[in-house]
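Chains F and S, in that order, give the protein sequences. Position 187 of the first sequence, counted from 1, bears residue number 187 in this note's numbering, the numbering being contiguous throughout. Position 215 of the second sequence, counted from 1, bears residue number 215 in this note's numbering, the numbering being contiguous throughout.
If you are wondering where the hints come from, they were derived from the structure by calculation, not from laboratory data. This structure is a prediction, so every number in the text was calculated from the model and none was measured. The reader is advised that the hints may include incorrect statements.
Unchecked claim - Within a straight-line C-alpha distance of at most 25 Å, the following computed SDA-like cross-link-like pairs (lysine to any residue) qualify:
1. S:K253 to F:P304
2. F:K253 to S:A273
3. F:K253 to F:V89
4. S:K253 to F:E254
5. F:K253 to S:A284
6. S:K253 to F:D277
7. F:K253 to S:G261
8. F:K253 to S:G279
9. F:K253 to S:S221
10. S:K253 to F:K253
11. S:K253 to F:T281
12. S:K253 to F:R275
13. F:K253 to S:D277
14. F:K253 to S:V218
15. F:K253 to S:D266
16. S:K253 to F:V89
Claimed, not checked - Incomplete in silico selection of chain S near chain F, CB under 10 Å:
17. G88
18. V89
19. P123
20. N152
21. F263
22. L267
23. G279
24. H283
Glycine included, each C-beta is placed from N, C-alpha and C at the ideal position.
2 protein chains.
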Amino acid sequence: MPERLGPPRETPLFRRLALVGLGLIGSSIAHAARRQNLAGTIVAADADADVRERAQVLGLADAVHADAAEAARGADCVVLCVPVGACGVVAAAIAPVLEPGCIVSDVGSVKGAVMAAVAPHLPPGVHFVPAHPVAGTEQSGPEAGFATLFVNRWAILTPAEGTDPEAIARTRAFWEGMGSEVEIMSAPHHDLVLAITSHVPHLIAYNIVGTAADLEQVTRSEVIKFSAGGFRDFTRIAASDPTMWRDVFLNNKEAVLEMLGRFNEDLSALARAIRWDDGETLHALFSRTRTIRRGIVSEGQDAPAPDFGRPRE
Amino acid sequence: MPERLGPPRETPLFRRLALVGLGLIGSSIAHAARRQNLAGTIVAADADADVRERAQVLGLADAVHADAAEAARGADCVVLCVPVGACGVVAAAIAPVLEPGCIVSDVGSVKGAVMAAVAPHLPPGVHFVPAHPVAGTEQSGPEAGFATLFVNRWAILTPAEGTDPEAIARTRAFWEGMGSEVEIMSAPHHDLVLAITSHVPHLIAYNIVGTAADLEQVTRSEVIKFSAGGFRDFTRIAASDPTMWRDVFLNNKEAVLEMLGRFNEDLSALARAIRWDDGETLHALFSRTRTIRRGIVSEGQDAPAPDFGRPRE
């Protein structure tokens, strides 16, 4: 896998790229597409006036509109970078201006619900190639984006059966141009895989931070002071964007509840092992989990340095 | 709080420091005590011949023994750096050679059970000042230690009522000398605080990694590839030493099960909110948890950079 962004393209992949939504992902695409010469012109839209103003200051796009349709007009690629729950509304808004041959994509962490919400609005001749870059940080907003966010990270495409192969190939080239590896799978499988690798981890991180904040016997100041014992690792993802994550859970309900059910069964077994002094069961699990960590590090999906390589005194 | 280790002491705090156990914590104390001139002589013991040999190569101590009593003989400070479940056995082994005035301490993540296991063995005139440095990494063994592990981290002392104030003051000076801030609290309160800030986080991290490894519909390779969606944050602490953590859970059973019960209640409420499309409850929690993260960062207990400051391409 590439260690850094490769050289920029000699000719742009898209003539006019429209980004709807300039949060962490939208602004990172803007940086990366610019640096890699993936689009001749980059236009953007954001519903939030404050975000638009900050995007102008940052120079994220050649033009920044309030209206998504204004940005999508004349584009040969439109990427929806809004919370999952907003994709359908945006698709309806831009549909009238989309030209035949245009590729519409998105970056949502849920694919089944997004496809169901978006596809019905798109006119014939427009290609829908849903995408999910498995990358991010806990920071939000147009200032949070950076050009190398997608380097060495996977982007998953979930095109429906019968999608134009050329449109899929161009979407693949788009993500590869930003440094990603690309994998194609079905939307239901994506939603199951991400439920365990992303959605349930976020849910339990949010949950334990909430539990800790609510204790009567332990003060919030103590929770903060002694967080280096493990708790602080959970607080990072529990600082992620609330609207984005609310939408993820509401739109991937079945897979999340299924994976959460398995998590709970396993946790009950562990609690029982603790209660009944079953040290062998505990030790066996705690040994087994190390190999997964090794796999993640050896495949370049995390830093090998202790503490994630956190800066040290 | 200090950003790095201060200047070394002009005269050692202890004449002869004995470290029993040369894992991550024992070896880090060896490095820090040497660099800060906290002891005239540092002797160590480890039950594992391989660890002893590696410790000799690393030059961790002036002498490395197989027998804990051999190391403790003549020491004015003995620190037990073994898994919590081994503290009682080691205390019994060293008791016959301990001299009046000697300070015995430990570094266990559980304090009530360790105090109950150790105190009965210690002869009169020996001072027991239990300690817990809230610091560590996911790595284990004598090579994992480094001198700045305790810098800017809290060390909690839980001396029993009536413990010699001078012995407490010297133990405090020992940890402050290694860069820690010191807090004193009761053992039961410590065990409750750490149950939520450390023990339950480790348990649910181990648990979700196990759940993910056991899925039939999602391959282990997929879990690894797409771990950047959040899962990888959990794998770090799920790679911690299995014996140490088995002992923690078996020895802090009540507090862990109590905190786990609260975690489960809260998680059930979240699952219910997802099932019933209660986006408001989700959004309210997800907003609230950000303030805890901010507190941890502003108090210097975690890096402010996105992704913990993980090294980036």
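Each hint tested on the structure:
Between K253 (chain S) and P304 (chain F) the CA atoms are separated by roughly 32 Å; this puts the pair beyond 25 Å, and the hint is violated. In summary, the hint linking K253 (chain F) to A273 (chain S) is supported, as the alpha carbons are separated by about 10 Å, within the 25 Å threshold. Between K253 (chain F) and V89 (chain F) the CA atoms are separated by roughly 20 Å; this keeps the pair inside 25 Å, and the hint holds. Taken as a hint, the K253 (chain S) and E254 (chain F) pair is broken in the structure, with Cα atoms around 33 Å apart against an allowance of 25 Å.
Taking the CA atoms of K253 (chain F) and A284 (chain S), the gap is near 18 Å; set against the 25 Å cutoff, the hint holds. Between K253 (chain S) and D277 (chain F) the CA atoms are separated by roughly 9 Å; this keeps the pair inside 25 Å, and the hint holds. Distance check on the hinted pair: K253 (chain F) and G261 (chain S) sit about 24 Å apart at the alpha-carbon level, within 25 Å; holds. Distance check on the hinted pair: K253 (chain F) and G279 (chain S) sit about 12 Å apart at the alpha-carbon level, within 25 Å; holds.
For a cut-off of 25 Å, the pair hint linking K253 (chain F) to S221 (chain S) stands: about 24 Å separates their Cα positions. For a cut-off of 25 Å, the pair hint linking K253 (chain S) to K253 (chain F) is broken: about 33 Å separates their Cα positions. The hinted pair formed by K253 (chain S) and T281 (chain F) meets the criterion: a straight-line CA distance of about 15 Å does not exceed 25 Å. For the given pair, K253 (chain S) sits about 7 Å from R275 (chain F) by alpha-carbon distance, which is consistent with the 25 Å threshold.
With a C-alpha separation of about 9 Å, the suggested pairing of K253 (chain F) with D277 (chain S) holds against the 25 Å cut-off. Using a Cα cut-off of 25 Å, the hinted pair K253 (chain F) and V218 (chain S) holds, with the two alpha carbons roughly 17 Å apart. As the CA atoms of K253 (chain F) and D266 (chain S) are separated by approximately 17 Å, the hinted pair is consistent with the 25 Å bound. Distance hint between K253 (chain S) and V89 (chain F) is unfulfilled; the C-alpha atoms sit about 50 Å from each other, more than 25 Å.
At a threshold of 10 Å, the smallest CB-CB gap from G88 (chain S) to chain F is about 15 Å, leaving the interface hint violated. Interface restraint check for V89 (chain S): the shortest CB-CB distance to chain F comes to about 15 Å, outside 10 Å, so the restraint is violated. Of the supplied interface hints, the one on P123 (chain S) is violated, with its beta-carbon coming no nearer than about 30 Å to a beta-carbon of chain F, more than 10 Å. The beta carbon of N152 (chain S) comes within 6 Å of a beta carbon in chain F, closer than 10 Å, and the hint placing it at the interface holds.
Below 10 Å, beta-carbon pairs count as interface contacts, and F263 (chain S) has one with chain F at about 5 Å; its hint therefore holds. For L267 (chain S), the interface hint holds, the least distance from its beta-carbon to any beta-carbon of chain F being 5 Å, beneath 10 Å. This hint holds: G279 (chain S) has a C-beta 5 Å from the nearest C-beta of chain F, less than the 10 Å allowed. Interface hint at H283 (chain S): satisfied, since its Cβ lies 5 Å from the closest Cβ of chain F, which is below the 10 Å cut-off.
In terms of the numbered hints stated before, the structure departs from hints 1, 4, 10, 16, 17, 18 and 19, listed from lowest to highest.
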